[in-house]
Amino acid sequence: MSDYILLLVSTALVNNVILIKFLGLCPLMGVSTKMDGALGMGLATTFVLSLAAAASWMLENWLLNPMGLQYLRILAFILVIASVVQFTEMLIRKISPPLYQILGIYLPLITTNCAVLGVALLNVQNQHSFIQSLMFGFGSAMGFTLVLVLFAGLRERLAVLQVPELYKGAPIAFIVAGLLSVAFMGFAGLA
Amino acid sequence: MLISVMPLTFLGLILGLLLGIASRILKVERSSIVEDIEQLLPGTQCGQCGNPSCAAAAQAVVDGELKATFCPPGGRAVAEAIAIKLGIPLDLNTLCDEGPKVARINEALCIGCTRCFKICPTDAILGSAKHMHVVFADACTACGKCEAVCPTECISLEPVQPTLQTWVWSQPAL
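From first to last, the protein sequence lines are chains S and P. Here this note's numbering is used: the first residue of the first sequence is 1, the next is one more, and so on. Here this note's numbering is used: the first residue of the second sequence is 1, the next is one more, and so on.
By construction, these hints were calculated from the structure, which means they are not laboratory data. Ideal Cβ positions, reconstructed from N, Cα and C, are used throughout, including at glycine. A few of these clues could be false.
To be verified - Which bits of chain S does chain P cover? Going by a derived footprint, with three or more residues having C-beta under 8 Å, they are:
{"hint": "1", "segment": "8 to 20"}
{"hint": "2", "segment": "146 to 160"}
What the hints assert, rightly or not - Now the in silico label distances, taken between C-beta atoms and shown as ranges:
{"hint": "3", "chain 1": "S", "residue 1": "171", "chain 2": "P", "residue 2": "164", "range": "55 to 61 Å"}
{"hint": "4", "chain 1": "P", "residue 1": "19", "chain 2": "S", "residue 2": "171", "range": "56 to 62 Å"}
{"hint": "5", "chain 1": "S", "residue 1": "29", "chain 2": "P", "residue 2": "144", "range": "32 to 38 Å"}
{"hint": "6", "chain 1": "S", "residue 1": "112", "chain 2": "P", "residue 2": "35", "range": "28 to 34 Å"}
{"hint": "7", "chain 1": "S", "residue 1": "33", "chain 2": "P", "residue 2": "1", "range": "24 to 30 Å"}
{"hint": "8", "chain 1": "S", "residue 1": "179", "chain 2": "P", "residue 2": "25", "range": "41 to 47 Å"}
{"hint": "9", "chain 1": "S", "residue 1": "22", "chain 2": "P", "residue 2": "64", "range": "47 to 53 Å"}
Could you put together the complete structure from these sequences and hints?
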């Protein structure tokens with residue numbers, strides 16, 4: 001049990017998917033301007049990431065490995081991820097139309113979020129068991145959501161600050177993201 | 001070759017089936033009247049009624065938040081169709097419909113800034129940077145968006161000139 005908690009903490013904080021592995025930077029910049037949008041995006045990605053990690057484990061161990069089709073891995077995983085995203089889109093549209101409006105184009109773009117494919121591939125690389133894969137996916141997604149919400153909070157504050165003309169908008173956001181990444185490196189001491 | 005194609009095809013079929021079932025179960029119910037009203041609207045999402053899209057405007061008019069005469073590009077014809085569809089009274093006095101119009105570019109003033117054709121919802125303006133732009137009258141719905149963004153005020157909305165096909169005798173005056 002403690003192994004799983006350790007895995008969860010280490011994927012969420014120590015090996016944070018955005019700030020340490022630099023996967024999924026597009027939503028970090030794209031949907032972090034408003035807090036509720038960031039939280040919604042984080043939760044949607046959590047759902048997709050966990051489900052995709054589990055589905056890709058099943059695909060790898062029940063279909064690709066027994067048939068010796070490892071070279072089809074990326075293609076098959078993308079197929080599964082795209083389907084999960086489609087499903088999530090339908091679900092959100094049904095459950096929360098306002099969230100659907102806020103997320104807009106970024107919802108289908110979860111398909112191309114490299115964190116989702118990255119986690120699925122890392123699961124295979126590290127030869128995780130099913131539960132470990134699920135934990136790894138969920139932990140990464142938690143880390144993703146945490147960073148997205150933190151960053152959205154920072155950007156909401158940045159929006160009302162007097163930033164030098166040169167750094168207004170995206171540049172200052174990138175600098176803040178870099179500083180946040182440096183801060184997250186401190187979690188390496190946990191391990 | 002076949003051994004790699006078959007599993008992927010199989011996978012795609014299963015996932016497609018699952019998504020199809022999910023879309024049936026998770027279908028968002030939209031009232032058919034809203035969809036009917038949306039069909040009547042121009043569908044250019046010009047935003048002149050204050051709603052972000054024609055779908056939102058259709059929803060608002062069904063909810064009674066907008067009058068039937070809310071759609072400026074639609075003019076009198078659309079207002080009448082909506083009023084008949086919804087069975088609501090129509091006050092055409094509030095509608096200043098001066099007949100169909102079309103945008104026209106004053107070539108002498110056009111500086112080729114490309115702003116108007118970027119904003120045009122129906123792609124009715126052709127042009128490129130630093131070249132004169134031109135309006136396709138057939139595609140223009142006279143929504144007025146180009147008129148608002150033009151930096152030299154060279155775009156004007158003008159009444160459609162009658163052609164041999166559309167000209168009619170004027171009503172006899174007493």
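Checked hints:
Chain P is given as covering the segment 8 to 20 of chain S, and this is violated because 0 residues of the stretch bring a CB closer than 8 Å to a CB of that chain, at least three being needed. Figure legend: the segment 146 to 160 of chain S, annotated as covered by chain P; annotation inconsistent (0 residues with Cβ-Cβ distances under 8 Å, at least 3 required). Separation of residue 171 of chain S from residue 164 of chain P is about 60 Å and conforms to the stated range, judged on CB atoms against 55 to 61 Å. Separation of residue 19 of chain P from residue 171 of chain S is about 41 Å and departs from the stated range, judged on CB atoms against 56 to 62 Å.
At roughly 34 Å, the beta carbons of residue 29 of chain S and residue 144 of chain P sit within the given window of 32 to 38 Å. The beta-carbon spacing between residue 112 of chain S and residue 35 of chain P, approximately 31 Å, falls within the hinted interval of 28 to 34 Å. In this structure, residue 33 of chain S and residue 1 of chain P break the distance hint of 24 to 30 Å, their C-beta atoms being roughly 48 Å apart. For residue 179 of chain S paired with residue 25 of chain P, a C-beta distance near 45 Å keeps the hint of 41 to 47 Å intact.
Under the hint 47 to 53 Å, the C-beta atoms of residue 22 of chain S and residue 64 of chain P, about 51 Å apart, fit the expected range.
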